[in-house]
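Participant: Under the UniProt record's numbering, the residue at position 47 of the sequence shown is numbered 47, and the numbers go up by one with no gaps.
Think of the hints as simulated: they come from the structure by calculation, not from any bench. Treat the hints loosely; a few may be bogus.
What the hints assert, rightly or not - Here are the computed distance ranges between Cβ atoms for each label pair: (1) 44 to 205: 27 to 33 angstroms; (2) 52 to 27: 17 to 23 angstroms; (3) 89 to 235: 25 to 31 angstroms; (4) 47 to 68: 34 to 40 angstroms; (5) 208 to 147: 42 to 48 angstroms; (6) 44 to 5: 16 to 22 angstroms; (7) 254 to 208: 33 to 39 angstroms; (8) 205 to 254: 47 to 53 angstroms.
Predicted model only: the values in this text are computed from it and were never measured. Positions of the beta carbon are idealized from the N, C-alpha and C atoms, including for glycine.
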Amino acid sequence: MTVGSWTLTGAPNARDLGGLPTRDGRRVRPGRLIRTPALGRLTEADLTVLGRLAPACVVDLRDDSETASAPPNRLVGDPSLVRLPVLDPAHPGFGYLSAVLLGHDLTGHDEAARRGAAAAMAELYRWFVSGAVAREGFARAVRLAADPVNLPLLFHCSAGKDRTGWLAVVLLTALGVDEETVRADYLRHNALTVELRGEASAAMLRRRPELDPETVRAVLEVRPEYLDAGFDEVRRRHGSFDAYLADGLGVTPQLRAALRTHLLD
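Generate the whole structure from the sequences, applying the supplied hints.
Facilitator: Put into structure tokens, the structure is as follows:
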């Protein structure tokens with residue numbers, strides 16, 4: 001699929017956040033913020049494209065258990081590599097969702113299974129706001145994005161939709177992009193991954209034919225209600241997104257000004 005003016009066959013939901021408008025009439029500068037899934041399945045042609053994008057810094061939001069079971073990232077050049085694991089193995093949602101994705105035994109996840117995968121996904125987004133590990137990882141990623149030495153900045157998790165999606169929400173909102181535009185970019189994942197999700201769903205159901213197809217869809221898609229849960233947690237804990245940026249992530253006025261200076265046209 002074509003994303004903007006470039007394509008990554010092995011990462012179909014990869015995209016440049018450049019061009020998105022802010023409330024004050026500016027736009028995110030193209031080629032500065034690039035969101036992707038993990039890069040282990042890039043083709044040789046993809047590597048040529050990645051070489052043109054020339055990320056100076058690659059932020060990986062996965063933890064060791066995820067990288068150990070995935071093909072190594074394929075990169076070009078010598079970008080700075082920063083690991084910021086946003087994952088809590090003790091969180092029941094992570095355990096349940098991981099078991100669904102990997103085809104593991106769901107024993108011990110009875111309560112999560114009863115509530116359903118969509119509810120688990122929503123709780124995950126709430127944890128993005130409330131969890132100390134999540135706040136630390138997202139806060140550091142924002143600081144990296146504000147430093148021009150790290151630009152272009154490429155950031156990813158595994159599928160490039162949830163942790164990557166929330167970090168994109170944080171960065172775009174800090175830059176002054178309105179919520180409707182932020183939501184539209186978040187939801188693009190579904191349109192960009194129709195074929196990939198079909199293949200993944202079929203593979204998951206072959207491994208575990210007893211799985212409800214709706215459970216699989218809930219895990220592989222992004223949905224407005226997942227983002228709603230994150231925004232609701234922001235309001236519940238902080239009152240507003242600006243307060244969450246300031247109090248939850250330590251985004252000072254000076255840091256926000258640096259983001260706008262280096263990332264907006």
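Participant: Flag every earlier hint the structure violates by its number, smallest first.
Facilitator: 4 and 7
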